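> Please model the entire structure based on the sequences and the hints provided.
2 protein chains.
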Amino acid sequence: AMAGWGWARAVRGLLLDVSGVLYDSGADGGVPIAGSAEAVRRIKASGLKLQLCTNETQATRESFVRKLRAMGFDISVAQVTAPAPAACRLLSQRGLRPHLLVHDDLIPEFAEIDKTNPNCVVLGDAAENFTYANLNEAFRLLIGMEKPVLISLGKGRYYKETDGLKLDVGAYMKALEYACDIQAEVVGKPAKRFFESALAELGVPPEQAVMIGDDIVSDVGGAQQCGMRAVQVRTGKYRPSDENHPEVKPDAYVNNLAEAVDIILQQL
Amino acid sequence: AMAGWGWARAVRGLLLDVSGVLYDSGADGGVPIAGSAEAVRRIKASGLKLQLCTNETQATRESFVRKLRAMGFDISVAQVTAPAPAACRLLSQRGLRPHLLVHDDLIPEFAEIDKTNPNCVVLGDAAENFTYANLNEAFRLLIGMEKPVLISLGKGRYYKETDGLKLDVGAYMKALEYACDIQAEVVGKPAKRFFESALAELGVPPEQAVMIGDDIVSDVGGAQQCGMRAVQVRTGKYRPSDENHPEVKPDAYVNNLAEAVDIILQQL
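Line by line, the protein sequences are chains H and Z.
Read in order, the letters of the first sequence are residues 1 to 268 in the working numbering.
Read in order, the letters of the second sequence are residues 1 to 268 in the working numbering.
Among these hints, one or two may not hold up.
[Said to hold, decoys possible] So the derived list for chain Z, only partly shown, Cβ under 8 Å to chain H, looks like this:
1) A127
2) E128
3) F130
4) Y132
5) N136
6) I143
7) R157
8) T162
9) G164
10) Y172
11) K174
[What the hints assert, rightly or not] With a straight-line Cα cutoff of 16 Å, these simulated EDC-like cross-link-like pairs (lysine to aspartate or glutamate) come out:
12) Z:K160 - H:E137
13) H:K160 - Z:E137
14) H:K160 - H:D242
15) H:K49 - H:E201
16) Z:K49 - Z:E247
17) Z:K67 - Z:D28
None of these hints come from the bench; they were simulated from the model.
The model shown is predicted, which means the values in this text are computed figures rather than measured ones.
Where is the CB? At the ideal position from N, CA and C, for every residue including glycine.
Here it is in structure tokens:
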């Protein structure tokens, strides 16, 4: 057994981040990370439970899963926990009518939600929709509200696409927070409530679950705050300086998902 | 004499904010605020010193002054203290070579500065240049630097144009600060060094100067921290809620610049 992995004997379910763990995203659709599709098959074959826990907001879960399946990942829609459905539940519960500043391809997730006469703004990774005009529009709506409500689908700093690093939704969230002097409500990793939803869908308690991700704060820090173990992969947005993070220390590092699955399966 | 204005007897020089005090800016070039051009003439005629202290970064001082003169303001280039020339001094002193994310019309201010192989980013109110692609480019340059240096020309939250409120440079500064986990250096109001430059150009000590502006934080708070008196006008971006600001309290409120000048001249 690998030193430092004794805790893995208790693991009954895996939560996997997607971008940077299963594949590297990009304008071209993305490229699978070597060994990850086979690793997903080995998890299923082992009888361990599996749930994807993603802050992906550039597509509906349906089209996201189609893309993953086309890349060779044996995944179903029910195995994906993503921010937009969680945001829809929150909007319905609180009677909020959103103005959406999100990626065009995410809009169908909000089909059932009343968007007339908005009383909040929902911010996702809008990518090319992060225009000066769209940001000003979202700002004007917020500043015009008696009590501005900004719901942000994640708060990532940046992510890596095949053509380079891109600013993530968190940067634009900070811009609107500062301009309006407000605090956004984050739906998605690292929010505790979001990890709890993912665990409920995974069907195991936190002490029997491990999160595997490339983001030291959103994946590793968020999961650990819910009582889960968390492993950082050295793929995707991983940077060597993450290993000196002042606050977050993963339970283990691996070179990639395949290595994590190898080691976990050896412990069982 | 007006109650609460006794301090105005000591005033020998006025620092004026421009947008929201002399005129309301807009895509159409802007509209003078009623009485402000006459107020500037009265200041000159009184023998009081006058300097404009602006965070304007959408034009060179030369073209800015041309615009003001066309609107009827009797102002010279030497009477304008603006962030870009201050930033150029700082860049030269520290051997910094900027990547510029600024308004096209500001670029000539940096004509003498070496911009090859950038080792810092200078951020201004880039307006339509705040595109997703340009923000990603500035971010990638910063995150790629061993020690990222971000110089921001002001840190305003938003400003008012004739067609509505617009996000100001401070919002984009916060986005890049968050994405890179850095602190920007602010050149412009409310930085103390910037007000000190303006006072030096005005030629009076802080206790004999008054700042007149529409921004409770950048104009009023910044000037007061330099030992000056500060008056807020109820024009431009002024909002009634400013009068309950938790930290900043102006020495006086006026409806507009004309009223401020009326009262100050009455005290002399």
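> A separate judgement is required for each hint: does it hold in the structure or not?
Right, here's what the structure says about each hint:
At a threshold of 8 Å, the smallest CB-CB gap from Z:A127 to chain H is about 7 Å, leaving the interface hint in force. Among the interface hints, the one on Z:E128 holds; its C-beta lies about 6 Å from the nearest C-beta in chain H, closer than the 8 Å criterion. Contact between Z:F130 and chain H, as hinted, is supported at the beta carbon level, the nearest pair being about 5 Å apart and thus within 8 Å. A distance limit of 8 Å between C-beta atoms decides the matter here; for Z:Y132 the minimum to chain H is near 5 Å, and the interface restraint holds.
For Z:N136, the interface hint holds, the least distance from its beta-carbon to any beta-carbon of chain H being 5 Å, beneath 8 Å. Satisfaction of the interface hint for Z:I143 is found here, the shortest Cβ-Cβ separation to chain H being roughly 6 Å, below the 8 Å cut-off. For the restraint placing Z:R157 at the interface with chain H, the shortest Cβ-Cβ distance is roughly 5 Å, inside the 8 Å limit, so the hint holds. Using the Cβ-Cβ criterion of 8 Å, the hint placing Z:T162 at the interface with chain H is not satisfied: the shortest such distance is roughly 14 Å.
For Z:G164, the suggested interface contact is upheld, since its CB lies about 6 Å from the closest CB of chain H, less than 8 Å. At its closest, the beta carbon of Z:Y172 sits 6 Å from a beta carbon of chain H; the interface hint therefore holds under the 8 Å criterion. Proximity of Z:K174 to chain H holds as hinted, the smallest CB-CB distance being about 4 Å (cut-off 8 Å). A C-alpha spacing of about 13 Å is found between Z:K160 and H:E137, which places the hinted pair at or below 16 Å, so the restraint holds.
For the hint pairing H:K160 with Z:E137, the CA-to-CA distance comes to about 13 Å; that is within 16 Å, so the pair holds. With a CA separation close to 15 Å, the supplied pair H:K160 and H:D242 stays within the 16 Å bound. Between H:K49 and H:E201 the alpha-carbon distance is near 10 Å, which keeps this suggested pair within the 16 Å criterion. With a C-alpha separation of about 29 Å, the suggested pairing of Z:K49 with Z:E247 is violated against the 16 Å cut-off.
For the suggested pair Z:K67 and Z:D28, the alpha carbons sit about 12 Å apart, so the restraint of at most 16 Å is met.
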